[in-house]
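Each chain, letter by letter, is given below.
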Amino acid sequence: MKKTMKTASLIMAAVLTAMSLAACGSASAPTTAAGSSAETSAAETTKAETTKAEETKAADSSKASGYKVAMVLDSSVSDGGWGASCYQAMVNAAKDSGWETVYTDNVATADFTTVMTDYAELGYNLIFAPGNQYTDAVKQVAEEYPDIKFALLNGTVETENITSILPDAKQIGYMAGALAGLMSKTNNIGFIGGMELDTTKAKLECYEKAAQKVNPDIKVSSAYAGSFSDTAKGKEIASSMVSTYDVDVMFGDASAVDTGAREALAGSEGRYDIGQPGDLGSADHKIIICSVVTDNAALLKACMKDVEADTFGGKTIYGDLSNGCLSIGTFSNLVSQDIQTQYKEIVDQIKAGTFIQ
Amino acid sequence: MNAFFNMNFLTELLLSTIRMATPILFVALAETYSERAGLVNIGLDGIMSFGALIGFLIGYKTGSPTTGILAGALSGVAINMIYAFCTIRLCAPQIVYGMAINIFAPALASFIYRLSFSDTSTLIQGVSMKAMPIPVLCNIPVLGPLFFNHIPLVYMAYLLVPATAVFFNSTKAGLNFKAVGEFPKAAETLGINVVLQKYIACVICGALAGIGGAYLTICYTSTYSEGIVAGRGFIALSAVIFGRWMPSGVMLACLLFGFCDALQIRLQLLSPSTPYQLLQMIPYLCTLFVLAFFGIRKSGPKANGQPYYREER
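Residue numbers (this note's numbering), protein chains in the order written: chain C, -12 to 344; chain U, 1452 to 1764.
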């Protein structure tokens, strides 16, 4: 037993030295720096983290501006919902501006400040925190590092180096509710929330108001899954809504849970779903009739331009229909032409602020 | 309130209960086998996640749900072998290594997921297992669609319960198995190979937990997302204690939990003014209550959680 342990530990030591030599010899300095600091922060945390240093070089190498953006995410980047769309937004915005991107996901709430501090220490110009839950951590780290800029999605804080990005949750709710009201044949529509965030509550309220404005007999049933990743729960909630209340159009604000809901809807005829925040539908999609698209990439690009022009901070960038950050997604063929025209008129009214006073 | 007495509502509720209890039942039976051999395996959540991913991946690549389930089982065994080696051969603390599996396996699963499918904005759709109604029995008026129109894996889970009960109580192999968890020294003196039995227990535990995980991504939904297990492994652990390590008790515990979970969702729909957090507590409050009154730690296998040193005096 002793002899095998000895040889095993010798082999492990040799492997580790080989790995560290290879890492030191690599030309990409930011990769190793991020990798080693990630190792130390991983040693401190008990939750599993996946850190990937992605050097996304712009297609035109002369556009590489040397700026770097980092994202901190508490859910997963491949959750098919919020995390995925924020990540895509960052990557798209960075590609156009020639920035480098990096992210850390599955970060536990207690570790927000640690991870953000690590990125600030490494000299990342912009730190992107996609949600209201990061507000406290962002405020704390921003005070300690006045040269690093912070973009807080769905936040309400404005300081010298924090900018809040606020897609208009009310308009999202109105847009979804109006379409649900137009498309529902059973006069019952549903809403699935993840956690009871302020933005989710606002979306639900406006969903109900808009649907009832379009069709006064509409009834809305809502449920919260309590998680953003439990797909099976979403399937259960959707199938219980369909069987108990004969709901035929659904809208969700809960990332992976919505995917489960769509699976349940696929099992019956004539049940539809409205997607968000990306453009999830297509012309021949049988379930998703349309999406309410939030262009987080455009909002982030505005932040990046500000960092480059040194005009960052002290404001809130609103994303709504008037500046193109909210838009209607692709309609499925299941939506008839005159419903489409009616809906587009309603969206213009929402844009002008005349839909619901 | 009259919605409650609507036949349709009740049948849907019971159907939902059976559906939601099945993955927990697989994992709870896995843990029963493991604990009966004296190994407390709290890494069930991790094994489930890994089984869920591999099952999904293989099902997606081959297009066959059965191959996916088999792959899920094999991957569960593979992960559990790490636990088995550390706790049986190296006699390390079982709780610590169970927790290590819980951290290591889901991370490995999400790593493999990202390697295979680069980040997309929607979840990938995999294969789905179809329901298999039993020909004559599914036409019985009320009970038919409730019990006899399910996915084959659901039948397998509920048939495993009497099979396990017969195995443990009426077969020689089963009694030897239990002896290993009760008093391994005595079992060893009677010629039972204790170490081999423990390894076999780990293989069974890993296979069933892997099938439980693969059930989530192949039969229940047909996508994989990182939080799909949502703590079911830990619920299965409490189901084993609640069920006093007997397969029938374990099944009742899982059904109770599935019932509370299904009820909680429907209650949310029926009374939108009640804060949903209160309703979500129902399954866990129920488990706490039952554990407090009916769970007796002492009725478990006596040598549970203790490492076995063959040469010890």
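Calculated directly from the structure, the hints in this document are not laboratory data.
Hints should not be assumed to be uniformly reliable.
To be verified - In silico DSBU-like cross-links for lysine-lysine, where the CA-CA straight-line distance does not exceed 30 Å:
# : chain 1 : residue 1 : chain 2 : residue 2
1 : U       : Lys1636   : C       : Lys(-10)
2 : U       : Lys1581   : C       : Lys(-11)
3 : U       : Lys1581   : C       : Lys(-10)
4 : C       : Lys273    : U       : Lys1636
As the list claims (entries may be wrong) - Footprint (simulated), chain U over chain C, 3 or more residues, beta carbon under 8 Å:
# : segment
5 : 64 to 72
6 : 129 to 135
7 : 225 to 233
8 : 244 to 250
Beta carbons: idealized from backbone N, C-alpha and C, even for Gly.
A quick look at each hint next to the structure:
1. Among the hinted pairs, U:Lys1636 with C:Lys(-10) is consistent with the structure: their alpha-carbon atoms are about 28 Å apart, no more than 30 Å.
2. With a CA separation close to 53 Å, the supplied pair U:Lys1581 and C:Lys(-11) exceeds the 30 Å bound.
3. For a cut-off of 30 Å, the pair hint linking U:Lys1581 to C:Lys(-10) is broken: about 53 Å separates their Cα positions.
4. At roughly 63 Å between alpha-carbon atoms, C:Lys273 and U:Lys1636 are farther apart than 30 Å, so this suggested pair is violated.
5. For the segment 64 to 72 of chain C, the stated coverage by chain U holds: 6 residues have a C-beta nearer than 8 Å to a C-beta of that chain, and at least 3 were required.
6. Counting residues of the segment 129 to 135 of chain C whose beta carbon lies closer than 8 Å to any beta carbon of chain U gives 0, which falls below the threshold of three, so the coverage claim is violated.
7. By the rule of at least three residues with a Cβ nearer than 8 Å to a Cβ of chain U, the coverage given for the segment 225 to 233 of chain C holds, with 6 such residues.
8. A stretch counts as covered by a chain when three or more of its residues have a beta carbon under 8 Å from one of that chain; for the segment 244 to 250 of chain C and chain U the count is 3, and the coverage holds.
Figure legend: structure checked against the earlier numbered hints; hints not met, in rising order: 2, 3, 4 and 6.
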